[in-house]
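Build out the structure end to end from the sequences listed, making use of the hints.
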Amino acid sequence: MGTLNPLWFFMKKSMTVALFGITISDRYATVYSLTGTSMSPTFTTSSPGFPGYLKGISFVKAIQAKNDQMFIGYVKRNLSKLIRRMITGDIVLVEKFCLEKYKFSRGDVIAFKSPSDHKREFVKRLIALPGDSMQIPDTSDILKIPEGHCWVEGDNKEFSLDSRHFGPIPLGLVQGRVTHIIWPPQRISKVERKVAMERVRST
Amino acid sequence: MSTAGSRIASFLGGAAARFGKVPWREIREEAFDRAVLVLKAACFVHVVNTYVVGIAFVRGPSMLPTINLTGDVVAVERVSPRWGSLAVGDVVILLSPENPRKTVAKRVLGLEGDAVTFLIDPARGSASQTVVVPGGHVWVQGDNIYSSRDSRQFGPVPYGLIQGRAFCKVWPPEAVGLIGQKL
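The listed protein sequences correspond, in order, to chains A and B. Going letter by letter, the first sequence gives residues 770 to 972 in the numbering used here. Going letter by letter, the second sequence gives residues -12 to 170 in the numbering used here.
Think of the hints as simulated: they come from the structure by calculation, not from any bench. Note that the structure is predicted; figures quoted are calculated from it, not measured. Quick reminder that beta carbons are idealized off the backbone N, C-alpha and C, glycines included. Don't take every hint at face value.
Said to hold, decoys possible - Listed below are the simulated DSS-like cross-link pairs for lysine-lysine, each with C-alpha atoms no more than 25 Å apart in a straight line:
id, chain 1, residue 1, chain 2, residue 2
1, A, 963, A, 926
2, B, 27, A, 782
3, A, 926, A, 913
4, A, 870, A, 782
5, A, 913, A, 959
6, B, 27, A, 865
7, A, 913, A, 888
8, B, 89, A, 870
9, A, 872, A, 963
10, A, 888, A, 870
11, A, 888, B, 89
12, A, 959, A, 872
13, A, 913, B, 89
14, A, 870, A, 959
15, A, 963, A, 913
16, B, 89, A, 872
17, A, 865, B, 169
18, A, 926, A, 888
19, A, 888, A, 865
20, A, 870, A, 913
21, A, 872, A, 913
22, A, 865, A, 963
23, A, 781, B, 27
24, A, 865, A, 959
Unchecked claim - Where chain A lies over chain B, by a calculated footprint (3+ residues, C-beta under 8 Å):
id, stretch
25, 84 to 97
26, 118 to 127
27, 135 to 148
To be verified - DEER-style ranges, computed between Cβ atoms:
id, chain 1, residue 1, chain 2, residue 2, range
28, B, 58, A, 962, 35 to 43 Å
29, B, 16, A, 926, 56 to 64 Å
30, A, 904, B, 18, 57 to 65 Å
31, A, 904, B, 71, 32 to 40 Å
32, B, 100, A, 784, 39 to 47 Å
33, A, 864, B, 132, 38 to 46 Å
34, A, 813, B, 133, 50 to 58 Å
Below, the structure written as structure tokens:
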């Protein structure tokens, strides 16, 4: 009885923390550890190729890129490895209040589920909203974005797998908006909106 | 008048003393504990609703006769889509690709890689078309093909839009029952 009590207490407390953490992370704001070069120079990460692993669950989702591929990984709950992995790439704050009304602005950096694999998440910049007419890059075609969809592109054009490959994505796939870089300390800043005025005409 | 004044004064003095005797600290602690309990309950409801099972109110003509025009309440399980174990014939709840603020219920008729054949305009003739569902997408159609906006209009939808699988109707009582996999 005496030895069971602290264990029970600890389990109750961690259950409470987990419930609060999951709810806040789903509804209000969460933290992503980024990898991949598709959004440089906005976000810097280590060189591609370090393994992001799928063991255990942690508070941070690690998104790893290898050239044109990005996968979701859950970082091991091993603290020193966690810190080592966290140190190698930018850590960003992702807010979920925008999902209430799906209200975004052109130029926001958003996180969304990949349309070709629902288990992977990408982080890219929103270029055009539903109803906009935009010029498809490297062509002279004009595309009208269908209702309920948006066009996303990475800042680093050569290494980014984005709407230029899979077309406009439904807004329902968006999981949040990246607002701030919160690690490393010398890069703590607000993520600015960059609008591509010359390519997008809103209606 | 002075007796009224002195009575008021003594009442106020007594009130101040009684105010000091109220166990404010205990009340504050108990209020805090209760508030935390309410928050814990709300978070628990959120977690269960998002990761295990929830309910949804579905209405409209697109899923007749499976789901009523005036609306049925269905139980929606969240485990199958997350595990990727949806099958053809499942009724799923998904965010509409035409409006992310609208959730719709449709039946899965094709998974990635399947070739789906459908009537282009069932009210007029029997011209049909065959589409191969791309990777990471599903083909959804309403059971009532005459009155449903689905993949025949907006194409295959990405798997990530699916919110859950409706497996059972729970209200109204005369409609209670499992939702079958009509093929």
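To see whether the hints hold, each was checked on the structure:
1. 963/A / 926/A: holds, 14 Å
2. 27/B / 782/A: OK: residue 27/B and residue 782/A at ~11 Å, within 25 Å.
3. 926/A / 913/A: holds, 21 Å
4. 870/A / 782/A: Violated, at roughly 34 Å.
5. 913/A / 959/A: violated, 31 Å
6. 27/B / 865/A: Given that 25 Å is the threshold and the Cα spacing comes to 20 Å, the pair holds.
7. 913/A / 888/A: Distance of about 28 Å is beyond 25 Å: violated.
8. 89/B / 870/A: holds, 11 Å
9. 872/A / 963/A: holds, 17 Å
10. 888/A / 870/A: Holds. Residue 888/A to residue 870/A sits at ~24 Å (cutoff 25 Å).
11. 888/A / 89/B: holds, 22 Å
12. 959/A / 872/A: Since the Cα atoms of residue 959/A and residue 872/A sit roughly 19 Å apart, the hinted pair holds (cutoff 25 Å).
13. 913/A / 89/B: holds, 22 Å
14. 870/A / 959/A: holds, 22 Å
15. 963/A / 913/A: holds, 20 Å
16. 89/B / 872/A: With Cα atoms ~14 Å apart, residue 89/B and residue 872/A stay inside 25 Å; holds.
17. 865/A / 169/B: violated, 37 Å
18. 926/A / 888/A: holds, 23 Å
19. 888/A / 865/A: Holds. Residue 888/A to residue 865/A sits at ~19 Å (cutoff 25 Å).
20. 870/A / 913/A: holds, 22 Å
21. 872/A / 913/A: holds, 19 Å
22. 865/A / 963/A: Holds - the C-alpha atoms of residue 963/A and residue 865/A are around 20 Å apart, at most 25 Å.
23. 781/A / 27/B: Holds, at about 11 Å.
24. 865/A / 959/A: holds, 16 Å
25. 84 to 97: holds (count 5)
26. 118 to 127: Per the Cβ count (4), the hint holds.
27. 135 to 148: holds (count 5)
28. 58/B / 962/A: 35 to 43 Å: Roughly 41 Å apart at Cβ, these two residues keep to the hinted range, so it holds.
29. 16/B / 926/A: 56 to 64 Å: Given about 58 Å between the Cβ atoms, the range holds.
30. 904/A / 18/B: 57 to 65 Å: Holds, at about 59 Å.
31. 904/A / 71/B: 32 to 40 Å: holds, 37 Å
32. 100/B / 784/A: 39 to 47 Å: Hint holds: Cβ distance 41 Å, inside 39 to 47 Å.
33. 864/A / 132/B: 38 to 46 Å: holds, 41 Å
34. 813/A / 133/B: 50 to 58 Å: holds, 55 Å
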